Structure formats: structure tokens, C-alpha cells
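K.L.:
Chains as they are written, first to last, in our numbering: chain S, 1 to 163; chain A, 1001 to 1303; chain C, 2001 to 2148.
None of these hints come from the bench; they were simulated from the model.
Keep in mind it's a predicted model, so treat the numbers as computed, not measured.
All C-beta atoms in this analysis are idealised placements derived from N, C-alpha and C, irrespective of residue type, glycine included.
A hint or two may mislead.
[To be verified] Lysine-lysine pairs mimicking BS3-like chemistry, simulated, CA-CA at most 25 Å apart: (1) C:Lys2118 <-> C:Lys2052; (2) A:Lys1056 <-> A:Lys1043; (3) C:Lys2052 <-> C:Lys2037; (4) A:Lys1043 <-> C:Lys2118; (5) A:Lys1056 <-> S:Lys42; (6) C:Lys2052 <-> A:Lys1043.
[Unchecked claim] A short list of chain A residues far from chain C (calculated; beta carbon distances all over 10 Å): (7) Val1021; (8) Arg1048; (9) Arg1080; (10) Val1189; (11) Met1236; (12) Gly1237; (13) Asp1271.
[What the hints assert, rightly or not] For each label pair, taking beta carbons as the anchor points, the in silico distance ranges come out as: (14) A:Pro1298 <-> C:Glu2068: 48 to 56 Å; (15) C:Arg2002 <-> A:Gln1250: 26 to 34 Å; (16) C:Glu2068 <-> A:Pro1246: 46 to 54 Å; (17) A:Arg1192 <-> S:Glu124: 19 to 27 Å; (18) A:Ala1178 <-> C:Ala2008: 35 to 43 Å; (19) A:Gly1060 <-> C:Glu2006: 53 to 61 Å; (20) A:Leu1087 <-> C:Arg2141: 49 to 57 Å; (21) S:Arg38 <-> C:Thr2050: 48 to 56 Å; (22) A:Asp1267 <-> C:Pro2071: 34 to 42 Å; (23) A:Gly1205 <-> C:Arg2141: 32 to 40 Å.
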Amino acid sequence: MPDTRTPSSFRVALTVNARPVTLEVPAHALLLDVLRDRLGLKGAKRSCDIQVCGACTVLVDGAPVSACTFLAVEVDGCEVLTVEGLADGDRLDPLQEAFMQHGAVQCGFCTSGMLMSARALLNEDPSPTRERVAHYLRGNLCRCTGYRKLVDAIVACGNQGTT
Amino acid sequence: MTLLRPFALDRPETLEEAAAVLTEHGGGAALYAGGTELLLLMKEGLVRVQRLVDVKRVRGLADIRAEDATVVIGATARHRAVEISALLRERCPLVAGVARHVANVRVRHVGTVGGNLAFADPHSDVATLFLALDAELVLWRRAGERRLSLGDFLLGAYETARRDDEILTGVRLHPWPAGTASAYLKFGVHERPTLGVALAVTPAGAGAPAAVRLSVGCVGPKPQRFPEIERQAARMGVAELAARAPALAQAAADAVETASDLHGAADYKRDMTRVFVRRAFEIVAARAAGEEPRARYPYTVIV
Amino acid sequence: MRVTRELALAAAPATLWTLLWDVPRMVACVPGCVDAKEIEAHRRYAARMTQKVGPITLSAMLDVQVTEAEPERRLTLTARGRDPVIGAEITMRVGLEIDAHADASVLRIEAEGRVLGKLGALGHGTIQRKAEESVDEFAARLRAVLPT
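Next up, chain S with everything else stripped away, as it sits in the complex (with noise of 0.2 Å):
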């Protein structure tokens, strides 16, 4: 049994999407769990489960993480960003603009993690190459584009300089 000495309930405060948010949450709370169910941004997928797969993936201050097996008392004090606050209002982000226009989406659900991961990327390095793309999602995976449309729309993006 959890020892009651220590507290079992975590008050976390963070920003998502640049909102302020307060939450009390259990130890074992794990962030993904958080954010579709708590929260009900269901962007991030529950995929592999076992952080391997990229589906889950959100940015912790910038930081990309497998929101799957991240604990959700880790983001206190932190801004987190998941796909639904990459768009402002009706203007969509330009990696949502490049994935649209390079035909990178098909079943979508790679997407949400695909996007967080380029914006981490591109916000690192705004000009990529293929091969730095290709580096970086090593840990995202899609079964139904084969890859190079996305690394196509992430590049095309970088070099639009709109990053």
C-alpha cells in the first residue's frame, strides 16, 4: 500500500497550448491518460504503448516525450504542446499547411506525433535536411505513407523560412 505520509496527489500546474491549467493527479497518472482523458485533447494516440512508436508524442518544454509512459506529475511548472495547439484559431500551423499540400497524411494516425515531432525539429533547426529529417523521426512511425512525403512537407516547410 502507498505509504499516506507522502502525498499520493500532486498539484500540478502547467500551461497546454498556452493555457494556464491546474490539476491534482496521482503519482501513477501517465501524462497521455491526462491529456485525452482530463483534458480531452485527444490528438495523442495511445499506439504501441511502450514509447517506441511515436503516436503519444508531445513536446514538454520543447522537448519531445512518449506521453504513453510519462509520468503526469513530471509537467508541473512546465508548457506543454500537443497538435491541437499548433494551429492559431483558423490558421493552421505550416507544417499542417506542407503535411495538407505534400499529400504526408493518409490514415492520420501517425500525424499528431508526426507534427510534434517536426515542430520540435524545426524549432531546433529551421532548415533541415533530409537526412537530419529522416534522423530525427527515426522514432515516429507510419505504416501507410512509406516516409517520403513527410520528409518532403517537413523539408519544404524548413525552407519556406515561414518556420
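With chain S fixed as given, assemble chains A and C onto it according to the hints.
P.N.:
Relative to the frame of chain S, chains A and C by itself:
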């Protein structure tokens, strides 16, 4: 959907506090930093943890710093921090270079060097490379601190010499001397590496004889050095190293300890050891001669 | 996993058989096996087996059955069990064959087994290694308790 069983969480700010929790709760408490291995085991139900002791708030535990000729990587330093560390890029460029290829970008941002070594997964680039750097681990407990060579720390698959009341606080690396030519080859198609080879060739220099350091890992329960082969190779000039690469590689394949698992049969790994040690010698010999080899091999990362 | 070993033992087949046929005593020589209880003499036994694989502990109640018994020649056992905590299922078959060699014996051990469940997949390589270590340890203990 796999949920975690409830557990208590402590976030000590000093090693003493962390040790106190460990002692009080014994086997029910587990040290936690990045959680990239531990949380997986907990989700699969393979380990039951009543209490996590999060050591990320212990001051200085993530520092990467120089201590004279030694470089110390704090146990909770993330692979990402190692990758971008100016100090490591200058003193141990191969370490920073290999960190760039550990697992995937998410694990690199969350996982820690200490966690990687303490978990002792046989398929580890970090353990394989650090063995070639004669890494020393610093283990702290209230009764005192001790240092253990990585070779003595890693006992086998998922088994280390860490005592239950000890906390791994850092890794001490001994950068290779100036003029050393080196390479790390990483091979595999899975999330974790199937084979890793670290090779460093140091020419004879100011008062020090020539030295060769060869580490092969991921193919057996723990990474391995080859003192006999290293001694032989140290006597060779650069041209001879390249010419004798096949023979040296065969000797490594004969000596390496491999284990069958889902990455392949023991014999296959022995065969791949022969292939990749040969490639490593060829690449390092070329680098020692001032050339950058252009060869690329399938499913292989060359650092 | 599969492990075979051949041991030269300084004991006559009859002596060796006496030890092996004392199943609880023989099972006690298996590392990690404790509390071997007789359910049906020379037919069925229960024993708890505990093994550690890094941070993971496997502990299962084994149902051990004697499937073949040829005095002074052959003893075959099967063992099955489950670890409900980690969801692992173990099945094993152990064949022990005695050959006479002058005044001594050669014991041939053939152990075959499977671990099903997450541990089986994750720990595949380690399980084979552990099995080999266990059989070697079993052989050492057997040697130690044999009257010479």
C-alpha cells in the same frame, strides 16, 4: 491500455534524503530518473514498485563537468545533454556523437546516462562505448562513496554490482589522448542496437606507448574488451592495421561472448562481430591516416 | 530454452539412482527450488521456484510429475507452473539418464523448457543463460551431496 499500479513518489533534494527513503522502504522502493526503462517494466506488470524515489531534484546530479583530465557525467544527465555538451564535444567527441543516436529523439530527451547503465540492458550503445573509455562509476551511500570500473559494475544482463542502498551518482570518463583515431559502429533494425563496436587507436606519444581499445557490445550479456587483440594491434602501424583487419576481426569473433535472443542467434552475432570489427579497424585506420572513409553499410550508423 | 550436460560422477549407478529417486531431495538441488512436497510418492510433487532476472522476480508454484522411471537408468520429469504476479507460464521437461562407467556413472541431463508471457519475450536471451547456470549449479550440488 496498460495503467500503472498506484505508488508513492518521493522527490528528495539531497542524496542523504534519497538514501533515507531507500533504507526505510527497502525492496519496495526504486530509484527513478527518466523512467524510460523502469516505467515500461511497471506498465508490463513485470515489476511492482510501491515507491519511486525521483532523484532529478538532487542538486548537481545532472552536471557534466571536467575534473582535470577526467570528464564526469552526472547520473541524471539526459542523453540529449550529452549530445550537445560543449565539454564533451571537445574532450570526448565520440561520446557526444553516439548520444545523438541512442534510441529515438524522445528517449534522448527523457532518458539518462545513469539510468541506462544502472538498468544494464545488454543492448546499450552507452555501455559499449563507455567500456572503451575505461569508465568508472561513482556509487554513493551513507557509509561512503566507492568507484567501480564499468567492467566490474556490469555483471550480466540487467544485473549490476550496485548494492540496494547505493545510488549511482556519476560516470567518470578518461578521454583518449590527443591524436587518437576512433569510431563507433552501431548496427541493427530494432529500437535497441543489435551490435555495437567502439574502437580507439592511439599512436605512441609523449612518454606513452601506442594503445588500442576495442569494445564490442549488445551481442551478449554485457559489453566486452579484448586485451590480447588490443595488445597485438597496438604493435601495428596504420597500414598494417588496415591490412590485418580481417584477422583481428576473426580473433574478436572467436573471443566474443554472444547470446541468442530476438535480435538473432548467438552464431549470427558472432558472425556480425567479425564483420563489424573488421569494418571498425578499416575505418579507424583510414581516419588515423587522415582520411574519412566513405563506405556506408546497411542498417549501420558510423560515428 | 534447451540445456544438455554430461557429468562424470564418482558414484555407482545404484547410488546415483537412490539420490535421484528421492525426488524432494533431488529437487532441492535445483537452484531457486524450495519446499518440494510429495503429493503422490514417486509420481507427483509440488515445489516453488524463484529466479531473479535483473529487477524482475519470477516465482511460480510448480506441479512436478514423474513421467518415466527406469531404475538406475532413466528418470524423466515434467514441471508446469504460473507466476500470476508477472503473468508468466513455465513448462519444463527434464530428462536424466544414467550410464555405467566402470565403478562410476555418467549422468546425462537434458532440460527443455519455455517461459510464456511478457518475461518470455523480453527475457529470451537471459532465460537461456539462467537455465544453463541453473543446470550447472544443479550438477555441482548433486556432486556435493553424493556419497563417495
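K.L.:
Look at each hint and say if it fits the structure.
P.N.:
Verification of the supplied hints:
1. C:Lys2118 <-> C:Lys2052: OK: Lys2118 (chain C) and Lys2052 (chain C) at ~15 Å, within 25 Å.
2. A:Lys1056 <-> A:Lys1043: Given that 25 Å is the threshold and the Cα spacing comes to 21 Å, the pair holds.
3. C:Lys2052 <-> C:Lys2037: Given that 25 Å is the threshold and the Cα spacing comes to 22 Å, the pair holds.
4. A:Lys1043 <-> C:Lys2118: 11 Å, holds
5. A:Lys1056 <-> S:Lys42: Status violated; Cα separation ~29 Å.
6. C:Lys2052 <-> A:Lys1043: 19 Å, holds
7. Val1021: 17 Å, holds
8. Arg1048: 7 Å, violated
9. Arg1080: Given that every Cβ of chain C is farther than 10 Å from that of Arg1080 (chain A), nearest at about 25 Å, it holds.
10. Val1189: Label holds. Min Cβ-Cβ 17 Å, cutoff 10 Å.
11. Met1236: At about 34 Å from chain C, Met1236 (chain A) clears the 10 Å cut-off, so the statement holds.
12. Gly1237: 39 Å, holds
13. Asp1271: 17 Å, holds
14. A:Pro1298 <-> C:Glu2068: 48 to 56 Å: 49 Å Cβ-Cβ, so the 48 to 56 Å window holds.
15. C:Arg2002 <-> A:Gln1250: 26 to 34 Å: 28 Å, holds
16. C:Glu2068 <-> A:Pro1246: 46 to 54 Å: 50 Å, holds
17. A:Arg1192 <-> S:Glu124: 19 to 27 Å: Holds - the Cβ-Cβ distance for Arg1192 (chain A) and Glu124 (chain S), about 25 Å, lies within 19 to 27 Å.
18. A:Ala1178 <-> C:Ala2008: 35 to 43 Å: 56 Å, violated
19. A:Gly1060 <-> C:Glu2006: 53 to 61 Å: 56 Å, holds
20. A:Leu1087 <-> C:Arg2141: 49 to 57 Å: The hinted range 49 to 57 Å holds for Leu1087 (chain A) and Arg2141 (chain C), with Cβ atoms some 52 Å apart.
21. S:Arg38 <-> C:Thr2050: 48 to 56 Å: 40 Å, violated
22. A:Asp1267 <-> C:Pro2071: 34 to 42 Å: 40 Å, holds
23. A:Gly1205 <-> C:Arg2141: 32 to 40 Å: 53 Å, violated
Consistency with the previously given hints fails for numbers 5, 8, 18, 21, 23, ordered from lowest to highest.
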